[in-house]
Structure formats: C-alpha cells, structure tokens
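With the hints as your guide, set chain B onto chain A.
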Amino acid sequence: MNNAEKIALLEGLLFLVGDEGIMLDEICEVLELEPQEVTLLLTELEEEYQNNTRRGFIITKFAKKYRLTTKKEYYSFYLKLANNKFESKLSQAALETLAIIAYRGPISKPEIEDLRGVNSDNVIHKLKARELIKEVGKSEIAGKPMNYQVTEEFLKVFKLSSLSELPELQEAKLEDDEELFK
Amino acid sequence: MERYEVNLEQFTGPLDLLLHLIKGKELDIFTISLAQLTDQFTSYLADVNNLNIEVAAEYLLMASYLVEIKTKLLIPKQEVEIEDNYETDLRNELIARLLEYKKIKEVTKYFKEQHEQGRQYLSKPKTIIKGNKVPDEQLPLSPKINVDKLANTFLKMLERINLQRPLQSNIVISEVSPEDMAVKIVQLMGETSKTWLLEELLSHFEPTLQVFVASFIALLDLARSQKIVIEQSDHLEQIYLTFQK
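Protein chains in written order, with UniProt numbering: chain A, 1 to 182; chain B, 1 to 245.
For reference, chain A alone in the conformation it holds in the complex:
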C-alpha cells in the first residue's frame, strides 16, 4: 500500500467511526501500522483538509480521540437541516453546575448545592439525561450521597482534549476584609 492509499484508508476509517471518534492505538490496529506512521498520516490528512478549500471536512481531536467533522465556518448552512425545536441551550444554572463538577469532581449533590446556594436536583437530572455527567461511586460525606463527574460526552461538547485543558480558576485576592462588615 502506498502513502496515498493509506491516507484513503484512514479517511474511510474516520468516516466509519463518526462521532464516537477513535484513539490512536485503535487506528494502528485497524491499519496495521506503527503509531509514528499513523501520526504522520493523520497530520498529512489534517493538512489536506485545512489547506484544500475544496474539502468540507476537518479532523478534530476531542477527549484524545480523532473525529471527522464538518468545518465550523459552514455550520450556519448545515443548521438549516436541524429541527430547531429540539435545540436546547444549556442554562446558566446548568453551566454553573457543570463548571463545579468539572473542576471539583468527583463531587456529590449536597456539596454542589452548598457551593451554589440552591437546590440542584433538577439541573443535575438534566445534565445526567444529556450524558454530560455521570455517577461515580459514593461520597464519603454523611449519608453517602452519589458522586458525580463529567463524561467523555462533556469533553466532546465542550471541545476539550482533557480536563487539564480547563483554564485555571481565578483566585480572588484576600485583602483586608474589615470594610465588608462595618
């Protein structure tokens, strides 16, 4: 197989796995090639998509998996295919809760509620239904509530390779707080 054929094979593989994506070692297994060569092929195909304006795809890497996706500049056109009725954005409460779970997870519901100052039953239920968070064992705090953690779907939806890519939380400076309670 020459290089061009290998790239065609790789392209087909990326098409087949679709939004599930594929890890480097899985590609190696299917293509029967070493990781170094596969990495080179991936770079070559990526450049082909990037530089050739005649191509509609792009390779995106979320959660350590390679995915074949459409280019985001054409999203508004593809959106015409969508049924907007079902498009639900994440609420401020949902984003807040997700942020807490992403940074502080595994974390239980009472601890989340403590941080937010509000009951979070509903929002946790919705995030679970959208598979953005999952239960991961029981917490050690009183009553042993369930602990939650963000999922791979979360990484995909938020375009992250791993949680280490999250920006650092801005620590507010603890100055003299006497004034606050005068």
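By construction, these hints were calculated from the structure, which means they are not laboratory data. A hint or two may mislead.
Unchecked claim - With the C-beta cut set under 7 Å, the calculated list includes, among others, these residues of chain B facing chain A:
1. L15
2. K103
3. I104
4. Y110
5. K112
6. G118
7. Y121
8. K124
The beta carbon of each residue, even a glycine, is placed where N, CA and C say it ideally should be.
Frame of chain A; chain B shown alone:
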C-alpha cells in the same frame, strides 16, 4: 440601585443575587458594607411579586443569615469573647462562599464559549458494520461463568426429574404452598445443627417444578425472617444453608 429592572428568574440563586448587588454598587466584595447589603437584599425580596415558594426558600434562608450577621453587628461591642468569635466565623464563612461562587460564576463564560464552538463541528453517528468479527461459539458468555458447570448442573436436575417421573400416571394436582414448604424445611433442618447444601435439602422433597418454586419462596422468606442463613462463596459456587436456632 437598579433592582426594579430585574427579576428573580435572572439569578441562579441567592449567591448570584448578592454578587449582582455588590457589582451594582461598583464595589468589590471586600469594601461593601454588610448592613447596606442586607437591607438591599431584603428589600429586593420584598419587591419581587409572585415569589415561587420553592425558589423563595433559598433566598429567605440567605436573608435570615444576613440579618443574623447584621444583628450581631448591632449588639454593643462589649460582649463576651465567644460572641465575637461566632460573628467573625459567620463573616468569614459568607466571604468564603461568595468568593468560591464568584470563581465558578466567572468561569462559566468560558464554558459557554466552548459550548458554542464545540457544537459547530458536526459529525455523523458511528456506522455499524455488519459481519461477524468473532464466531458465535467463541463469544465469551461472561468472564466469570464456567459454562461446563452451568450446563452440568442443569443436566443433572433434568435427569433427576426424568428419573422420578412414572412411566404412566394419573394427573393429580397437589397444591403446595410456600408456607407448607417452610414448615417442612424448618422441621428437617431443626433436627440437626449441620450446614446443608441446597441440593441436599431439596433432594428430601418431591422433585417437581411446583415444589421447587414453593421451596425457593419458602427459603427466601426464612432468610428474610432470619431463621436461616444462605451463603455462597462465589458466583456459581455451592449454596449453603444454616438453620438459626
């Protein structure tokens, strides 16, 4: 204060409202007066019409908390040492909560942007390739199950039922209730103090499906009322029964 232009639904909780009030005054957390903040918070709640009781509870809780701190501040300073410590604890706790919440609230902007970006890359669902990767007979049943043992046990039970079946018979329907079986089991097991194998115990009874089912229910019931203990060392290992005198 622009408090009349906003409604409670814009906030995700009392901490969010507090941060809004602080921001509205263009002051930072450390310099705003708590007495003022408490007044604004409570008057804000008073202005909100149709306050949903479930939502209100959390805001009212925060209001009472703020009022509590404020009250402590109004008490003349020559109080006992303990009171002072308590007051400081409440202050610090509120500051810590507000700061922690502020950090999270600020980072949600990042999550919102990432979400906006992420959803613009579209991909299709995985294609299911039809075809047998592994021949059926090589597919593992479950990593822990010993298939031979499972099959042998089943064959043994079938064999036993077959052997006991008369060549010719009149159909007699005999009702066996779990209660009857429980009495029989307790009688049998009560005679000795040994631990029984499930199979051994069942071999004392008529090997019919009806008896099996009734015995099964009876055993579960006896275990529930703690008259017997049922033990199994591992999945598919022998089941042992012990009578509790």
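Hints versus structure:
At its closest, the beta carbon of L15 of chain B sits 4 Å from a beta carbon of chain A; the interface hint therefore holds under the 7 Å criterion. Checking K103 of chain B against chain A: minimum C-beta separation of about 5 Å stays under 7 Å; hint holds. The closest approach between the C-beta of I104 of chain B and any C-beta of chain A is roughly 5 Å, which is under the 7 Å cut-off, so the hint is satisfied. Taken as an interface hint, Y110 of chain B checks out: its beta carbon lies about 6 Å from the nearest beta carbon of chain A, inside 7 Å.
A cut of 7 Å between beta carbons decides the hint on K112 of chain B: the least distance to chain A is about 6 Å, and the hint holds. Because the beta carbon of G118 of chain B sits about 4 Å from the nearest beta carbon in chain A, less than 7 Å, this interface hint is met. Interface restraint check for Y121 of chain B: the shortest CB-CB distance to chain A comes to about 4 Å, inside 7 Å, so the restraint holds. At a threshold of 7 Å, the smallest CB-CB gap from K124 of chain B to chain A is about 4 Å, leaving the interface hint in force.
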